[in-house]
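Visitor: Sequence:
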Amino acid sequence: MRWGRMTPHRSGSKEGCPDPGPGKRCREPRTSDVYNGGHMLRTQNMKYLVKSLLPNWAMPYARGLREVAAAWHYWVPYVFRDGLAYPPQTVVLEVTYRCNLKCVMCPQAIDLMNPQSVLRAQMKEKRELTTDEIVNVIRQASQLDVKRFQITGGEAFLRRDIMQILSAVKEHGMACPIISNGGLMTEESAREIVRIGVDKITLSLDGPEDIHNQIRQNKHQFQDVMEAVRLIQAEKRRQKRNVPDLTLNVTVSALNAGRMSELVDIAAKEGVNVNYGYLYYISKDMDRRTRALYPPTGGKPEDQDVPMPIRSVNVDVLEQQIGRAETRAAQLGVKTTLSPNIRSKEELRRRFYDDDYAYVNTCFYPWNVMRINPYGDVYTCQMNITAGNVRDKKLEELWNGEAYVKFRRDLRQVGLWPLCTKCCALQTKLWDRLPKLRVVWDRNGASSH
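Take 1 as the starting number for the sequence shown in the working numbering and just add one per residue.
Please keep in mind that the hints were generated in silico from the structure rather than gathered at the bench. Hints are not guaranteed to be accurate.
Pairs of lysine to any residue residues, derived as SDA-like cross-links and limited to a Cα-Cα distance of at most 25 Å, are as follows [stated by the list, open to error]:
| id | residue 1 | residue 2 |
| --- | --- | --- |
| 1 | K124 | S339 |
| 2 | K345 | I211 |
| 3 | K147 | I211 |
| 4 | K236 | I211 |
| 5 | K200 | C106 |
| 6 | K406 | P295 |
| 7 | K124 | N384 |
| 8 | K284 | L84 |
| 9 | K393 | K200 |
| 10 | K394 | D377 |
| 11 | K240 | E192 |
| 12 | K284 | S117 |
| 13 | K240 | R259 |
| 14 | K284 | V414 |
| 15 | K124 | P77 |
| 16 | K236 | T152 |
| 17 | K236 | Q382 |
| 18 | K436 | R391 |
| 19 | K429 | E319 |
| 20 | K147 | V315 |
| 21 | K126 | Q382 |
| 22 | K345 | D356 |
| 23 | K284 | E192 |
| 24 | K429 | L84 |
| 25 | K406 | V92 |
Label-pair distances were calculated between CB atoms; the ranges are [as the list claims (entries may be wrong)]:
| id | residue 1 | residue 2 | range |
| --- | --- | --- | --- |
| 26 | R127 | A403 | 44 to 54 Å |
| 27 | D265 | Q116 | 37 to 47 Å |
| 28 | T386 | T130 | 44 to 54 Å |
| 29 | N341 | D305 | 21 to 31 Å |
| 30 | D432 | D145 | 25 to 35 Å |
From the three backbone atoms N, C-alpha and C, an ideal C-beta is built for every residue, glycine too.
Hey, can you work out the whole structure from these sequences and the hints?
Guide: Spelled out as structure tokens, the structure:
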């Protein structure tokens, strides 16, 4: 047994763990490389190995067990700590808002077409976090015992330092998933991704070639994604690695609902998984009602109304396509998931046509996940509430700072606000099943209500 490609820590070394600061030392990685049948597996990635071995019917049960095991970390402070939280299990870093595509259903792309775009003004006026600043954030997350440091964008691979960022995450012992559109993958980047040990790559693919290229407004994008998959799979074989786990993510909308089952055959051919994620959107009415109920917030500028033609899914067709996709996946041995796990026609109708319908009505996200934008602003969630900036304060101070604590208390009181209902974070029914009692501690003891 040995420690992967980690090198012994030397203060200020460019190899191994970067300098953690005075009086600190790098946390040892949680992984070890083990050899089994000539193939190198990483113990940190056993969940991905288990996932690859489980049949589709067993996946919901496995996810349920994992969710129950993880729930104590956010449920206990939800009940007992009155707005305070244990350190986050996940940090999501948006490394850039820049993107090489202009996808027709993307709120950011839609916002940037507006001459009065707030997002464009931010991109011109604000400065993205530097490599050193991001590594410092990664170091702090590691010291907080964060388990998962997710990289997203915009398009993350537009950053020239993306490999340094990914390396830093792994060198600090955290799981490192990344989301990408796959359009910028090269042989060199695929080789580095596998060598570094990135745990998971989610690549956007919204349908067969004609559908995907139309949605992404790029006639080469489908082939670019397929090439990215093949480059990474080839490197995994060459380096004898079982990571990264590869998933094709399908954003289900009116633009592709009638052909989404065709993705299963594509996934089977390439040896990857498929996740069908229902379109996240907020309507102008959802935003207006939220601002009236909770004046501090509203939707982010880039999260405004997705055009109705894109949201107007034919639920009869969608229900049929889900059935076909799952039948075909069982035949071909492809792992497929629905996000959230909605299948019935009635629930599908409410998901796309009833603004007040939510898959679950309780949210624990701000007790468990910290989100940071490219300029260092920390957001409580997808709502437009800033808890501070990583350039001004440490993650630990921000996480249980005044803004976060107030937001958690307010969220507990309401359950969800109108613009929360279609959020992609609402994925597990367990959140509705956990007891919602609240315990208030004072000097004389404790009382619950």
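Visitor: Each hint: holds or not?
Guide: Consistency of the hints with the structure:
1. K124 / S339: violated, 34 Å
2. K345 / I211: With a Cα-Cα distance of about 24 Å, the restraint between K345 and I211 holds, given a limit of 25 Å.
3. K147 / I211: Judged against 25 Å, a Cα distance of about 36 Å means the pair is violated.
4. K236 / I211: violated, 29 Å
5. K200 / C106: holds, 22 Å
6. K406 / P295: The hint holds at about 13 Å.
7. K124 / N384: Holds - the C-alpha atoms of N384 and K124 are around 19 Å apart, at most 25 Å.
8. K284 / L84: Since the Cα atoms of K284 and L84 sit roughly 32 Å apart, the hinted pair is violated (cutoff 25 Å).
9. K393 / K200: violated, 30 Å
10. K394 / D377: Holds, at roughly 12 Å.
11. K240 / E192: holds, 14 Å
12. K284 / S117: holds, 16 Å
13. K240 / R259: violated, 35 Å
14. K284 / V414: holds, 20 Å
15. K124 / P77: violated, 39 Å
16. K236 / T152: holds, 22 Å
17. K236 / Q382: Roughly 34 Å between the alpha carbons, so the hint for K236 and Q382 is violated.
18. K436 / R391: Violated - the C-alpha atoms of R391 and K436 are around 35 Å apart, more than 25 Å.
19. K429 / E319: holds, 21 Å
20. K147 / V315: Violated, at roughly 38 Å.
21. K126 / Q382: Between K126 and Q382 the Cα gap is close to 20 Å, so the pair holds against 25 Å.
22. K345 / D356: holds, 17 Å
23. K284 / E192: It is violated: about 43 Å lies between the C-alpha atoms, which goes past 25 Å.
24. K429 / L84: Within the cut-off at roughly 23 Å; holds.
25. K406 / V92: Holds, at roughly 21 Å.
26. R127 / A403: 44 to 54 Å: violated, 22 Å
27. D265 / Q116: 37 to 47 Å: Holds, since D265 and Q116 (Cβ atoms, about 44 Å apart) stay within the stated range.
28. T386 / T130: 44 to 54 Å: The hint (44 to 54 Å, Cβ to Cβ) is violated, given that T386 and T130 are roughly 20 Å apart.
29. N341 / D305: 21 to 31 Å: holds, 26 Å
30. D432 / D145: 25 to 35 Å: holds, 28 Å
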